[in-house]
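J.: Sequence:
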Amino acid sequence: MILPLLLSMLMHPFHVSLAEGEWNPQSGRFEIAIRLEPRDFQLALSKHAGKRIDLETTDRDQLQAAIMAYVKAKFTAVDGQDRPAQWHWVGMENETKYVWVYLELQPDAASRELRISHRMLHEIASTQVNTLLLMGANEKQTLRFTKADPNQTLRRDGPQAKWEMVVPQLPADN
10 MILPLLLSML
20 MHPFHVSLAE
30 GEWNPQSGRF
40 EIAIRLEPRD
50 FQLALSKHAG
60 KRIDLETTDR
70 DQLQAAIMAY
80 VKAKFTAVDG
90 QDRPAQWHWV
100 GMENETKYVW
110 VYLELQPDAA
120 SRELRISHRM
130 LHEIASTQVN
140 TLLLMGANEK
150 QTLRFTKADP
160 NQTLRRDGPQ
170 AKWEMVVPQL
180 PADN
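All letters in the sequence shown, in the order written, are residues 10 to 183 by the numbering used here.
No wet-lab data here; the hints were simulated from the structure.
Heads up, the beta-carbon is just placed ideally off N, CA and C, and yes, glycines get one too.
Treat the hints with caution; some may be incorrect.
[Said to hold, decoys possible] Derived pair list, reagent style BS3-like, types lysine-lysine, alpha-carbon separation capped at 25 Å:
no. : residue 1 : residue 2
1   : LYS83     : LYS106
2   : LYS60     : LYS83
3   : LYS149    : LYS171
4   : LYS81     : LYS156
5   : LYS156    : LYS106
6   : LYS171    : LYS106
7   : LYS83     : LYS56
8   : LYS60     : LYS81
9   : LYS156    : LYS56
10  : LYS83     : LYS149
11  : LYS106    : LYS60
[What the hints assert, rightly or not] Computed beta-carbon distance windows for the label pairs:
no. : residue 1 : residue 2 : range
12  : GLY145    : THR105    : 29 to 35 Å
13  : GLU132    : ARG69     : 23 to 29 Å
14  : ARG69     : PHE23     : 16 to 22 Å
Sequences are here, hints too, so could you generate the full structure?
T.: Put into structure tokens, the structure is as follows:
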């Protein structure tokens, strides 16, 4: 009975990415580490670039440019005035099981709202789920992005205030 269950799990793998982010008030940037499955990420990069991108053999500068172009297209953030936040490259690690991409996201200093759209790998797997874990001094917030719902919003009361997830209000029962 357990063998069919295990086989079905192998035939229908989970498609998930995990990003960890932390607000750095000194730099005014979110420091973000994104963990991706190498095969899916390489396929997505190649599809986006219109040519084969190999995480092992592509020239380092070309690989960085391909990753940044992909991230800017698929993981976006704009403030309440539709000003895009700026991405800054930090680096990457290609491990056997995962690829880690390290970036910083810099919203406008005066922004009080940040609308995030995280659509990485949605073009590869319709069941892709992207999770962004925002860590603060004493709390964590988890933002979940799916193909059907790729958007989340963060707000803060002022430039020095902490960013908080906006939880959509459910309709009241009548």
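J.: Indicate, hint by hint, whether the structure satisfies it.
T.: Hints and how they fare:
1. LYS83 to LYS106: 22 Å, holds
2. LYS60 to LYS83: 18 Å, holds
3. LYS149 to LYS171: 12 Å, holds
4. LYS81 to LYS156: 17 Å, holds
5. LYS156 to LYS106: Holds, at about 24 Å.
6. LYS171 to LYS106: With Cα atoms ~34 Å apart, LYS171 and LYS106 exceed 25 Å; violated.
7. LYS83 to LYS56: 13 Å, holds
8. LYS60 to LYS81: Holds, at about 18 Å.
9. LYS156 to LYS56: Status holds; Cα separation ~17 Å.
10. LYS83 to LYS149: 24 Å, holds
11. LYS106 to LYS60: 23 Å, holds
12. GLY145 to THR105: 29 to 35 Å: Cβ of GLY145 to Cβ of THR105: about 32 Å, so the range 29 to 35 Å holds.
13. GLU132 to ARG69: 23 to 29 Å: 25 Å, holds
14. ARG69 to PHE23: 16 to 22 Å: 30 Å, violated
Consistency note: the structure conflicts with the earlier hints numbered 6 and 14.
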